[in-house]
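Student: Those protein sequence lines, which keep their order, are chains A and B. Residue 299 in UniProt numbering sits at position 299 of the first sequence, and the numbers go up by one each step. Residue 168 in UniProt numbering sits at position 168 of the second sequence, and the numbers go up by one each step.
One thing to keep in mind: the hints can contain errors.
Claimed, not checked - Distance windows between CB atoms, simulated:
id, chain 1, residue 1, chain 2, residue 2, range
1, B, K827, A, H224, 50 to 60 Å
2, A, A140, B, G664, 31 to 41 Å
3, A, N455, B, C642, 23 to 33 Å
4, B, A448, A, R209, 15 to 25 Å
No wet-lab data here; the hints were simulated from the structure. This one's a predicted model, so the numbers in the text were calculated from it and none came from an experiment. Cβ atoms here follow ideal geometry from the backbone N, Cα and C, with glycine treated the same way.
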Amino acid sequence: MELGLKVNQATAKLEPFLIAQNKVARKPATETNNAACLSLPRSLRKRAIKVGRIRVVQDEAVVAEKRMKSTKLSKVNPPRPRPPIFVGLPLDVVSDLNIVNHDKAIEAGLCALSLLGVHGVDLPISWGIATDNSWSSYLAIAAMARDAGLRLRVSLNLHGHEHPNLPLPKYVSRAAHSDPDIFFTDLSSNRYHDCLSFSVDDLPVLGGRTPMEVYEEFFHNFRHAFSDFFDSTITDITVGLGPNGELRYPSFPPPSNNRPIIGVGEFQCYDKYMLADLKRHAEDVCQPFWGLGGPHDAPRYNASPNLGNNFFKERNGSWETPYGQFFLSWYSGILLSHGDRLLSVASNALGDLPTPMCAKVPFVHWWHNTRSRPSQLTAGLYNTHGRDGYESIASIFAKHSCKMIIPGIELSDRDQHQELQSSPESLFSQIVTACKKHGVRVVGENSSLIRVGGNGFNRIKKNLFDNNMRLDSLTYHRMGVELFCPENWPLFTEFVRSMVQPKWDSDDKPNNEEAFSIIASELGNDQEMQRV
Amino acid sequence: MALVHWKPVLHRPPQETPGVIPRWKRRSFLGRQICRPRPVFRSICCSKSSKDDRKRTRPIVSSGATQTPSLADVDEAKLLFTETFPLKRPQTIALQQDMILLLHICSEWDQPPPEMRPPDSVVIKDYAIETPLKKGTSLSEGHIIYEAQIDFDSNIPISAIHFVLKEEETGAWFQHKGRDFRISFTDSSNGGNTVDGSRGFSIWPGALNQIPGMLLKAEGSTSKQKYSKDTKILKHDRIIARFNKEFPILKEEFVSNFMTVSLTRSEDTHQKFVQFDTDLPGDVVVHWGVCKADGRKWEIPTTPHPPRTKIFRQKALQTVLQPKEDGQGNWGLFPIDEETSAVVFVLKLNEYTWLNNMGADFFVPTGNVINSLAEFGSALGTETSELVNDSTGQAQVTAEKDNSVTYSYEIIKEIKNLVSDISSERSKGAKSKEAQESILQEIEKLAAEAYSIFRSSIPSYAEPVTDSDLLKPAVELTSGTGSGYEILCQGFNWESHRSGKWYAELSAKTVELSSLGFTVVWLPPPTESVSPEGYMPKDLYNLDSRYGNIDELKQLVKRFHEVGVKVLGDVVLNHRCAHYQNKNGVWNIFGGRLNWDDRAVVADDPHFQGRGNKSSGDSFHAAPNIDHSQDFVRNDLKEWLCWLRKEVGYDGWRLDFVRGFWGGYVKDYIEASEPYFAVGEYWDSLSYTYGEMDHNQDAHRQRIIDWINATNGTAGAFDVTTKGILHTALERCEYWRLCDEHGKPPGVVGWWPSRAVTFIENHDTGSTQGHWRFPSGKEMQGYAYILTHPGTPAVFYDHIFSHCQHDISKLISIRNRNKINCRSMLKITKAERDVYAAVIDEKVAVKIGPGHYEPPNGSKRWNVAAEGVNYRVWETS
């Protein structure tokens, strides 16, 4: 391998020279190499992988050179680079037994994506599985991705999952056994077992250590384990900020029958630590009665806001009263400070790496067209009519130079249920606007693979090419049976090809000289791989 | 990464020179080469590290005089190049007869219970057993049948048998399309109440259908045979019809062969020849072309072409090689011209079998390339030698076994390929298109591979109910019984037709219904009907009804699907109103797309003078009853149901008046239309003695069970019994009625809960008809009962949109929260005059009736989750 890379570099450096000379100079190099023949598919597979690997080196060596050159040649503004595409690996790519799940499929999938021109993959790392410092399976996948010529975006998930089964570390469950209040709790005392409550962030509830200390150690361990990958392979590190990795409360109902979540959700402030904090807070504003519990008139999970209960009513709902404002600012404030704290911890551990950090916000678009926006409120986003809840989040992200991931890039208004008064488009642009204002870069993500479909891809493209949005990249979730199924795969390939392989207009077709430079430089974008 | 052996070879037709190309095993060949004292010049390249003294000038050895078989005079031929390629040929071969059947039971790798294990079974860990297959007693058509018999008692609740086959000798495993073989008994597992006795089935992967092997005998390769094997599985079952399935089992193996290609030049004519020599048997077609100058594009060689040559799509030639005289292999000699820089080829054995060089085309450099290889070295004693050119055109030998070097070699090659590809591509647009095509194909292949693995490896941790299972009911036995977690909503009442736009009105309530927790909605009969309510259908394919037109219906169904609610269509199969009168003035001639005549009408109703057979059930006297015993009727109805599924998007059926015809026909319809859920209306009267309802309603529920049984358990039925008993119990404060003598619920739900659809009211019993109205004011007690109990509860529209809504929605969310389903465990804890109480799944407790009840104080803490007049529901915390 070492040898290979050296040669790559040599060739890469040779390239500009050869180009500068003339085409004839190149010929011997090409002609005498006919020992390998026109490839049939099977060899292509290997080859593309190797080519992908070369690209990593060429990127740095050649691209800079080319850029200089092209500015010299033409003053025309080059078109904005297209946002690179990442594809999420299955959440259970490493199972709860710490083995690589269906590795053959992953391998084939990685090759296919690489050939297709996808930029990289998103590797979800589960806190519960890597907790004993057992990174080998994750490292194996990282190496697979690297060998396939793909970049890596690593997601450090501090939450668990029920399906697939990705539990939190065992010591968390042990701690929870004696103190179940370390988990989020709703009005009916249902506990959410897949994420620690924000209220215990700095309490020594995990065998004498605070969750923040444990998270920090986890980040350090990760950094140590993946040290080989930071230079060239890993492009971003995503820090999971809460349930499902999103900066939110688990306000959605407990899973049942895979039904879509459409109701308003419930407030999750009924663990004893939250309640204690609320009480303290209420006493601070001299309203002790406000601190006795959450709003009594909030509806149940699946209710629509206007059914029966008062809290979210369009007009004169409790949310608009001073009590409502008190409660909602406290509730969302806890969320914000959790995000801030966790991002500081992450920057302490990972901040000096060349790889930027990302974190995800939720995309709760149901009832966005109402005034109270109840499902955002229960998720902890105080984003009602006349109050922008995303500004404060964006400013925290900006403070930690963290990119913001917004899931839901594929959703468009007209595909939504009218009764849900949902508006994904305006919510998306609201969040992007907040980010722009604070200089936060935005990564788009699809919210659900199953529902993307043809319209979804068009919507994604529209968002990616929108000059006002200026998205940084796209993560497409997730690799798995739905991605490769005959209904979806053709749509996906068509989408990726249209993204990575723009058609040349006749007048911006480069002349030969330029062509070489572009080929060489754009190898990084996999463009030529399509045609090789 | 071809193995390349350069050596001087005397050119002779192969049959005369057995020593030159030994019949081989490659290893021994190499060994011989190495040991032989005479100078042997093997490849080629020398690495920079190799010593100078190992470099030699490559000798070009003239061949001796040889015969040339057919083509040209190559007597004075100069051997320029020879290369031997190892080949791997796929071959379908026999399964060894010593098969082991690895059997495991149930979807989740449980070991079969001891009484099911056939003799000689070996236990494998704790999840399976291995059972050897025995030669069967029966011989069919001369095939030997191997079988294993597994007997089991139907009281054992198993849902399926999974098995895979293992070849004892090689340890190879055989699966079915990448998954376990599976025999499903889904319905029988629920049928514990009604079925007993023993069943059995046999598996025989036998019928060794010996097909004369194609074959080839190359020395050193083992002789092969080709078998096809079938597995037949037969299952006998009392309630399930015979079940027979065949799976093909094929096994592929790779066989090693070789192909040697030599390049010679005739001294006289300077004509070059490429000689092929292979031990591949049978007809071998060389699919070949040549490369000119620096190109890497396939071109057609100049004429003359060798005999038995076809031109393939103006791109390549296909030449059949000649068999060698000793019958062991083939050879051929192709002339090529001076300008040719290389010959490229692949081999075709038959339509489906192509051989290439480890994934790439075979490539034989000719012409000047050879001359440019100025220096050669020999690398004796190495097994692997790689041909590598560096960018200056110098030849090198890498004589290392180390894999990492091989690896880096590949990388180098890739760079080269990349560079050369790009250059040639820029000049040749057409080629890039071709290459692009092949990349796309490769991507497709990889994606398909990934898809198949992902798909087959899903169930390792799947939820008990996954979406994909719901959408695709098991193929072996379709069953309209859903996931067990359904909660039905009857989405109309007797007056819903009045506005003429019910579909649109209901459409506005889809989100609300979904958020209340319903998972299935039952829509009114969609067809054109003589009565406005839809139960007197006329033209089945006309879906414009008083509820709205077909487009509105489709829109409504779509909306429900969007919010995750499945939709049942109300289909009336018992009777149909005629379009025309016969010559006697009787209405029994049908029109529309299903223009049946009086043969479609049962014979035993004098009103309609049908010419069909006698009715297989009770009669509905207001319209001609359809004779389901007629094949054309059944086929038409099946087609219609499938059309409804596809066109409208219905997920299942509510079957009207199923008392009117045999349940076995319903089974046919269900199996043809594969609904997700189906429920039949079998409504007849309960038993009364002197005007007082009997405590024991077993006869009544038995009739409903019998009907479900006749459908083979493919459909559920409304639990009329439970409704009736609830009436009396609530009306007369006789709550003791809610427990039968075995301590179980007295309705259908007590006997076959997974098929019982419990309800307290529908459009007939209640609404504005009120044929059998539930005791007024006690509806919530009824719902507290059915929504906490096993069975699939159905809630009537009028109740949902009444003051009860809040209470009903509470009960539904308790049911969902605690995952109560149609098969939940029920324990009746109290059944007295004024109070009935039960605990469900040990998670939920319920009491109805004015009397006092508290759930047992055990380790659990019970919290009141819902309460109302004369009912209360608790949950454990």
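Student: When the structure is checked against the list of hints, which entries are broken? Sort them ascending.
Tutor: Hints 2 and 4 contradicted; others consistent.
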